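Please model the entire structure based on the sequences and the hints provided.
Residue numbers (the working numbering), protein chains in the order written: chain U, 1 to 270; chain E, 1 to 111.
Some hints could be false.
[Stated by the list, open to error] Examples of chain U residues lying across from chain E (beta carbon under 7 Å, computed):
1) Asp48
2) Tyr137
3) Tyr248
4) Ile255
5) Ala259
6) Ala262
[To be verified] Chain U is faced by these chain E residues, among others (derived, beta-carbon under 8 Å):
7) Gly54
8) Ala56
9) Thr58
10) Asn59
11) Leu82
12) Gln86
13) Gly88
14) Thr100
15) Val103
16) Arg105
17) Gln109
Please keep in mind that the hints were generated in silico from the structure rather than gathered at the bench.
None of these values were measured; they are calculated from a predicted model.
Ideal Cβ positions, reconstructed from N, Cα and C, are used throughout, including at glycine.
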Amino acid sequence: MHKITIKLVASIKHQIITTWRNGDIDQLELPEPSVEILPGVRWGKFDDFFTAAFWVSRSWIDGDSSPHAEYALGTTLREEIAACLLGGHGMPAEVGLAAFHRMRDRGLLDGKGALEDIEKALTEPLIVGARRVRYRYPHAKSRFLAEAMQKINAEPAPLHSALELRKWLLTFSGIGPKTASWITRNALHSDDVAILDIHIIRAGLLMGLFSSNHTVQRDYFDMEVRLVAFARAAGVSLSRFDSIIWCYMRQMHEIVMNALSALPSGLNCA
Amino acid sequence: MSGGGSGRTGGGGGGEPSPDCGSLIVETTLNSPVPAVVASLKKGDRLTVEIQSGTAGTNSLVAKHGGQIAGSLTPPSLIAILSCIQNGFQYVAVVLNDVTGGVVRVRIQAP
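Given below as structure tokens:
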């Protein structure tokens, strides 16, 4: 039996999680549910969905071999910018990815082609699974993409620092804090930036990390500080946490919505 | 509270693969075992698997024996099982070992 103990907060009692892995029993000990991992944020029970302890235990149980461990979309910063710029904004992940693959496959990411060629490629229906799908806002996204690809050719990217890279990306047309953070995380595997999309925000609400007073438009960087602190207190890399939380929140949609509706009034409008 | 839309994906492959719900088999252990219920378990017993709603809106995946919660289930493929249950599939947890006060191993599978 392998036994792992995380003693993050002074605690006498612990909750013990067991799992069956590689023909043996593994155990993880976490502080008891009533202990706070951060001021105002309790660990909660590990087997109750969406608690802090739930996410820490999922990270431990799912292990490095889980599909959540990989998140990069491209192989270069250029590709990462394109993929993230073409995704997001309420668009299904598969649609943004299909658009990115088309651009990459047609050689339209070198920043030297005509805007019209990008627009034409983005206006044509995409094949997602067995469906033909129209890409939303093809003209605006084409312009953003063309400008971004040209800017990469003209300016050196500050790859020495995640925060500097994000700051630089925020100067691009069509890239806000969320997309800039997404690119930065994927390109540098950074744990200093958080991608606050609807799934992460809902997870933060459910575990008490965020409050109804937070809005991403106004409080993005304050919310990011809380999420970074949470990951550090849990001893799990934020990029890995983010990836796991996002996958679970996305696939557990019905359960998530029920849990959100049970939050006290004023906390359920994410 | 407000937030932007989603669109991220992981693994460069278009998100999570769809699990094969009908043939899904997972070995795991019972967590948070309820001693009074676990004491009556025998090797080969078939426990029902369901999402349990608790007070204050909490939810967990549990195994029940005779309508009583025997413990919670937190297998590596939890996300796949939950996704399948949300899509109408049902599962049982078959007890794999003689329960003598130690860890209860179960195999989650279709009934």
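Hint by hint, here is what the structure shows:
no., hint, verdict
1, Asp48, "holds (4 Å)"
2, Tyr137, "violated (12 Å)"
3, Tyr248, "holds (6 Å)"
4, Ile255, "holds (6 Å)"
5, Ala259, "holds (5 Å)"
6, Ala262, "holds (3 Å)"
7, Gly54, "holds (7 Å)"
8, Ala56, "holds (7 Å)"
9, Thr58, "holds (4 Å)"
10, Asn59, "holds (5 Å)"
11, Leu82, "holds (6 Å)"
12, Gln86, "holds (5 Å)"
13, Gly88, "violated (11 Å)"
14, Thr100, "violated (15 Å)"
15, Val103, "holds (6 Å)"
16, Arg105, "holds (6 Å)"
17, Gln109, "violated (14 Å)"
In terms of the numbered hints stated before, the structure departs from hints 2, 13, 14 and 17, listed from lowest to highest.
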